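Chains L and W supply the protein sequences, listed in that same order. Its first residue numbered 1, the first sequence is counted upward by one per residue in my numbering. Its first residue numbered 688, the second sequence is counted upward by one per residue in my numbering.
A couple of the hints might just be wrong.
Claimed, not checked - Lysine-lysine pairs mimicking PhoX-like chemistry, simulated, CA-CA at most 20 Å apart:
1. Lys367/L x Lys239/L
2. Lys310/L x Lys322/L
3. Lys337/L x Lys271/L
4. Lys358/L x Lys394/L
5. Lys296/L x Lys337/L
6. Lys162/L x Lys546/L
7. Lys1090/W x Lys367/L
8. Lys239/L x Lys1090/W
9. Lys1083/W x Lys367/L
10. Lys667/L x Lys642/L
11. Lys995/W x Lys546/L
12. Lys1090/W x Lys1119/W
It is worth saying that the hints were derived from the structure and are not from the lab. Just so you know, these numbers come straight off a predicted model, no measurement behind them.
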Amino acid sequence: MMTTAFASAAIAAAPPPNATPEQKSWWAFQPLRSSPALPAVKRSAAVRTPVDRFVLARQEAQGLTLLPPADKATLLRRVSFDLIGLPPSPADIDAFTRDPSPQAFNEVIERLLASPRYGERWGRHWMDVVRYADTAGDNADYPVPEAYRYRDYIIDAFNRDKPYDVFIREQLAGDILAAEGPRERYAEQVVATGFLALSRRYATAPFELMHLTIEDAIETTGRAFLGLSLRCARCHDHKFDPVTARDYYGLYGFFASTRFPYAGSEEFQSKNLPRTGFLPLVPPTESARPIEENRKRLESLRAQLEGLEKESAKGKTKGALKSEIEGQLVSLRRELKRRERSGALPDLPVAYAVADDKPTDQAVHIKGDPAQLGDVAPRCLPAFLSGQPGLSLKPGSSGRRELASWIASPDNPLTARVMANRVWHYHFGRGLAASPSNLGLRGETPTHPELLDYLAGYLIDHGWSVKSLHRLILNSATWRQQARGAQSQSESAARLLVGFERQRLDAESIRDAMMTTAGTLDLAPPEAHPFPPIEDWHWTQHNPFKVVYESSHRSVYLMRQRLQRHPYLSLFDAPDANMSTDVRTRATVPQQALYLMNNPFVRTQAAAFADRVINAGSTDEARISEAVALAWSRRPGLAEEKGITAYLRRYEAQARKEGVGEQEATKRAWESEARVLMTASEFFYLD
Amino acid sequence: MPHPAHSIIENPREAVAPLSRRAFLRRTSAGLLTGGLSLHAALRSAAAQGGAQVLAPSPSHSPARARRLLFVFLTGGFSHVDTFDYKPRLQALHGQRIPAFGLRADETRQQPLLGSPFEFQRCGRSGLWISDLFPRLQGLADDLCVIRSLHTDIVEHFQATLAMHTGSSTVPMPSIGSWLSHGLGTMNPNLPPYVVMAEHLPYAGAQVFDSNFLPPQHQGVRIIPGEDPIPNLRPPEEPSSLAELERRMLENVNEAHARRRPADLNLAARMGSFEIARGMMREAPSVFDLAGESPRTLEAYGVNPGDKTSFAWQCLMARRLVERGVRVVELIDTGSHDNWDSHGDMQAHRPKAARVDRALAAMLGDLKARGLLDDTLVAICTEFGRTPWTDASNGKGRNHFAKAFTCLLAGGGARGGVTHGETDEFGASIVKNPVHVHDYHATLLHLMGLDHTRLTYRYAGRDFRLTDVSGEVIRDILA
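Start from the sequences, fold in the hints, and give me the full structure.
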């Protein structure tokens, strides 16, 4: 496409990044305050960690103060869901509530942080941010059976407390790092680039509307790591943040120099195109042989098929021989299809990952239109934010490594602030800045900027350890406060962190907690998703891939599609996997109540829960105590126990009136009580 | 208090299906009046039971002309100059280059004008110009109020779709349906006050019907056209006496829990959601059962036997829902893909128009025949218009355009057979009576009996409203 003379002039005439005074003085673009002074507070006895000083100082200025700590059972339930997304066991509840040691809570935190369940919980948060899905998002929404490796990489990274800066580098440039060794980290680093590979695909042809796929890569990189929305700059200089269209296309070049995998789309079916760009989990030296073997196998398959087809066409064979040949033909054709469609690597474990392609610089798309090209914008970092007009790149490389280094640097004013704020958001239900993926001029300003800087500095100083931030925050008096009551139900009390904000469990926690309560949750690592074999793939935009797989594993492992939202997960506000999500909505809608009252899943879990409780003791008292502890993470009070006993009796009597036998009536009564416990507000909310 | 005293209800006399006395007393005795259901709804259902008026209308307000809103959103930006804003000069000067603008203030690029490929006709006694994209709506010209001078702030789908629903282009805010639910409550407690029918989500997704900071019971409830429009509606088989015992136990447990945590609106809303859900279980199956519709009606809409997904089905459902007292029904015709966003060729408007024309016309006619159109306001809108010039050289499509676009109103106190506002000879700029999205919203609220400056909600220390700090009611179009 020709570039119009006018258009190039406009771009060439664009002034160098000329930030407005507002942009220049914007809090998030300022260097981190190195070790900000801890504020003095009047109630220093209430301080448990430095976090509390920042919080108390603001509160005291308004004549407010921290609420007292929550009771122990409440705290244990809160910290359990917070760190591992599951309720504590009755044994844990008793042990903790009876342990008088001041170290008891700290020990709980350490135990939970060391649990493999922790990565499943916090990895899921990250999966929101990186818009994780098991499908590509093209018009037929082709499945990506290998995507789960990236999911597991995330979970593992959190479990091992991978330094956050390393985590960033691997996701943006793991393929480049992998090539440099060490060998034992090769697979992991390649898999990490699933972050980019998962960029949304569009339409029907391979890489159709690639500029939008790259827009997704740029936008998700911006939101996830920098807390900036960059996509506006695709069509024009950002209206609010100091990011120009030129900056956008400077970033674009990194991804245009990158080879993305093709997982299938309508033309996979209609034009018989193979998948491409999946990366072996072993270095080229080791994958060369299997690739060559596959090539040979393909040749011999084709030859074999040709021979057999000729023979079959002659029509001379009869009876058993004929059907044997036909059977052979079917199986050979299927193998051929499988090998052709998989790309070059049907027998090698591969990752949905990216690799360096021919380096290229991108011409600006005038008004975001890829058909109207302006001047070339050499690959570069956003000029104002980086303070670097140019960038020296290793020849022959995409430059993603250099991009990653800039983002993952302790000098980048945004990166550590964004992550510290995100961690805070997941602990409290609201970030210090309430828009965790947008700290730019259209985002929310932080309520406690000094505290945020302190946390960001703390993260960097502790080797980018996310677990160290958890310890700092969870041990604070601020986090341990009891839930806000009527007296502090105001927006300003919330902003000043007076009291803990009651939280509804998220979709994953609700399902996992129900299954934990029922004793039906399978905590073993799950098998791969049961996608149909590749030789049977046939999806088109009119008949897209659309399926829901049942599973008894944790919800983080449920298969999630882009074009089709999971019916249960979306009902309870799990995010749309088409875009990065920082804050989930927490809607209360009647369809949720319908689900809880009528869906067979809830009833099945309640039945298992009832069985479990009946077997847990022989008296009502023992059973009720166990049931309440399992569902609500506390032992029942006396009046409560009486109330439940009375309900069981009443229900049994009524059931017998309805013609139910005596033993069955007891079982039914317990199933009903189990449903009540599992669908009650107390099950769904964390104080 | 969730509702500031000055967000006044203007039509207290309207019939409210009463909550059962038991349910109402239970709520008040549990001290949940301020949360479980909106204060207005509670007071009004109390009023309905006692026969008394609780809130007097403010003397400065006009009485409500419409009791229900049917909000039809055509996704992707339908072109004003190809539909309802006839521009013969555009035809005449087809191909001539003019300075294009609209995406950026400093834009001075020359682009060729694109005459509309569609024929326009004067329609009805009023003689409104409507293109042949809408042959059936042409027949209803005298019922349509065509506003040709809308404009919006940001020329991106996401932002403009958000604006058309929430008044805000950037930060998500409560949807107009949620504001109406908040301001007017429900006329049928067995159905949600705000129902959205959308097979696919539009740009900005579910944010467009979110209640945001308004209490969550005002959130739009999405019905997905198909086999199972509201999943989990059917109760398990068990004796009703046992189900009733269990319901009471759950309510007691939840009330006890909420009593220990007073003033938590979420807990109250959650309990309220169970009650609405039970109402839906009683009432919704009959809403979706078309057995009672005559073959003639089905034929008029274009609903074929077994059809549960077409836009025609959505339109018929919309009528059935407003008939049953749902306050706001929204119809979204397509999602964020494959919609009216015709960059490449305006002919792509044809299938989109064909999908909605007959059904919309049938719905309007049906509402009219049943006497419902008098107090049902139908708003047919989109997020922005399209450029009078082509998107690319030699192109046949049009780009996004925020400077001028067209939306329609019908029924509910809007004048029929009139146009309001004018654009220049190309449809490129507004020359008379500009109507900002805020003005459009102010007018919708006015027709529903609400003063947009007084329908406010205090949040984060500020009184928010649908129209932010502006908005003028379009007086000229009030019947």
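Right, here's what the structure says about each hint:
1. Only pairs whose Cα atoms come within 20 Å are accepted, and Lys367/L paired with Lys239/L is accepted, the gap being roughly 14 Å.
2. Distance hint between Lys310/L and Lys322/L is fulfilled; the C-alpha atoms sit about 13 Å from each other, no more than 20 Å.
3. Between Lys337/L and Lys271/L the CA atoms are separated by roughly 13 Å; this keeps the pair inside 20 Å, and the hint holds.
4. A C-alpha spacing of about 13 Å is found between Lys358/L and Lys394/L, which places the hinted pair at or below 20 Å, so the restraint holds.
5. A distance of roughly 15 Å separates the Cα atoms of Lys296/L and Lys337/L; the hinted pair therefore holds under the 20 Å criterion.
6. The hinted pair formed by Lys162/L and Lys546/L fails the criterion: a straight-line CA distance of about 35 Å is larger than 20 Å.
7. In summary, the hint linking Lys1090/W to Lys367/L is supported, as the alpha carbons are separated by about 17 Å, within the 20 Å threshold.
8. With a C-alpha separation of about 18 Å, the suggested pair Lys239/L and Lys1090/W falls inside the 20 Å cut-off, and the hint holds.
9. This hinted pair checks out: Lys1083/W and Lys367/L have alpha carbons roughly 18 Å apart, not beyond 20 Å.
10. Using a Cα cut-off of 20 Å, the hinted pair Lys667/L and Lys642/L holds, with the two alpha carbons roughly 18 Å apart.
11. Between Lys995/W and Lys546/L, the direct Cα distance comes to roughly 19 Å. Compliance with the 20 Å bound is thereby established for this hinted pair.
12. Of the pairs offered as hints, the one joining Lys1090/W and Lys1119/W holds, with about 13 Å between alpha carbons and a cut-off of 20 Å not exceeded.
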